[in-house]
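Protein chains in written order, with numbering that gives the first Met the number 0: chain A, 0 to 197; chain B, 0 to 197.
The hints are simulated quantities; they were obtained by calculation from the structure and are not laboratory data.
Among the clues, some could well be false.
You can't tell identical chains apart in this list, so a pair holds if it fits in one copy or across any two.
[What the hints assert, rightly or not] With a Cα cut of at most 27 Å, we get these calculated DSS-like pairs of lysine-lysine:
| hint | residue 1 | residue 2 |
| --- | --- | --- |
| 1 | Lys142 | Lys2 |
| 2 | Lys39 | Lys115 |
| 3 | Lys115 | Lys75 |
| 4 | Lys39 | Lys142 |
| 5 | Lys115 | Lys186 |
| 6 | Lys119 | Lys142 |
| 7 | Lys119 | Lys39 |
Number of protein chains: 2
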Amino acid sequence: MPKLYDMHPSGNCFKIRLLCNMLGVPLTLTPVDFLAGEHKRPPLTDLNPFGEIPIFVDGDLVLRDSQAILVYIARKWGGETWLPTDAARMAQVMEWLMVAENEIARGPNDARLHDKFGYKLDVELARRNAARILGLMNTHLSKHLWLALDRPTIADIACMPYIGIGHEGGVPLTPYPAVEAWIGRIKALPGFITMPAL
Amino acid sequence: MPKLYDMHPSGNCFKIRLLCNMLGVPLTLTPVDFLAGEHKRPPLTDLNPFGEIPIFVDGDLVLRDSQAILVYIARKWGGETWLPTDAARMAQVMEWLMVAENEIARGPNDARLHDKFGYKLDVELARRNAARILGLMNTHLSKHLWLALDRPTIADIACMPYIGIGHEGGVPLTPYPAVEAWIGRIKALPGFITMPAL
Chain A
0 MPKLYDMHPS GNCFKIRLLC NMLGVPLTLT PVDFLAGEHK RPPLTDLNPF
50 GEIPIFVDGD LVLRDSQAIL VYIARKWGGE TWLPTDAARM AQVMEWLMVA
100 ENEIARGPND ARLHDKFGYK LDVELARRNA ARILGLMNTH LSKHLWLALD
150 RPTIADIACM PYIGIGHEGG VPLTPYPAVE AWIGRIKALP GFITMPAL
Chain B
0 MPKLYDMHPS GNCFKIRLLC NMLGVPLTLT PVDFLAGEHK RPPLTDLNPF
50 GEIPIFVDGD LVLRDSQAIL VYIARKWGGE TWLPTDAARM AQVMEWLMVA
100 ENEIARGPND ARLHDKFGYK LDVELARRNA ARILGLMNTH LSKHLWLALD
150 RPTIADIACM PYIGIGHEGG VPLTPYPAVE AWIGRIKALP GFITMPAL
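Isolated chain A (complex conformation) (with noise of 0.2 Å):
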């Protein structure tokens, strides 16, 4: 069975059990102790020299990076569902994989480390680009009901968790509506499962 290195307050982390869930893919679970710096020492940096969490071990397979991990399990147990492989429309996934990794991490993340976590960052430019970031997102969604195709993808799943929990960073979605009824329909699908303050 695949192993998660999980912190449950992660959005990083809850989009790989929340896609595992939807695809019915059992995981053990093992809570890093975050607060504490588990994941910035050995045994643990031995499995991710980064030093972060979440971590996921399949076998003899080491990943890190929620976006990559993400690919994987797309890719090993949801066809072509949730990762199409044809070139055009894996690269329109591919598109929002990095708002994920880069607008989201740099916007609505940051501001939330900062808020709920007291990291020393400059919230102010956290907040700016989490206004950017979802002001496209909201123009993209009036016209759009999922991400990157006509169905929900990883795409969604990638970028959803800090967007919903942004409010814990000082960035309510009041103004984006878009982007609440996008969040909405991902809640419906079915074998959603849920994380704190979502």
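Mind docking chain B on chain A? Use the hints.
Positioned in the frame of chain A, the structure of chain B alone reads:
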């Protein structure tokens, strides 16, 4: 023939030109007047609302984000060579595409944007980020010839440019000999082309 909205000193545009040249994909280049902000106005923002380049157009398909574009080119013209479709190896390539999108963008790329293009950003933070990712890459490349697999993939193409031109942002490679050697291996690949300062 696919079209690239291009800027010559952009590492993100270069990586698209490089992979296309290696695969023998002919490309129409449309130069963008970056310093005049052409990418932040219509008609380019109609193609990419994010207001960024590169933009890649192939028939009806319009793609933004250099990593997503590499995925498209590799899937459409590269067979299984540059981006394999099996779950484990695809995810291992993805781990490093995410490093290009996150750690390298917020490290050597940001430092160069500050020094070369006058961007107002925290350049000391960018240099600390650069030192962290270069240290991690140097350790990894001391044990591996290529970033993701036992051969070059789009992981190497995605990560290399801003590492190789980091000296334009005060991030030289002298302390990272395994990274320098890896860049040398990429430069020796068939079809390699270069860019200014590389």
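Now for the hints, and whether the structure bears them out:
1. Lys142 / Lys2: between (38 Å within a copy, 26 Å between copies)
2. Lys39 / Lys115: within (19 Å within a copy, 34 Å between copies)
3. Lys115 / Lys75: neither (35 Å within a copy, 43 Å between copies)
4. Lys39 / Lys142: Answer is between; shortest inter-copy Cα gap is 21 Å, intra-copy 42 Å.
5. Lys115 / Lys186: within (24 Å within a copy, 45 Å between copies)
6. Lys119 / Lys142: neither (37 Å within a copy, 34 Å between copies)
7. Lys119 / Lys39: For Lys119 and Lys39, the Cα distance is within 27 Å only inside one copy (17 Å; across copies 31 Å).
In terms of the numbered hints stated before, the structure departs from hints 3, 6, listed from lowest to highest.
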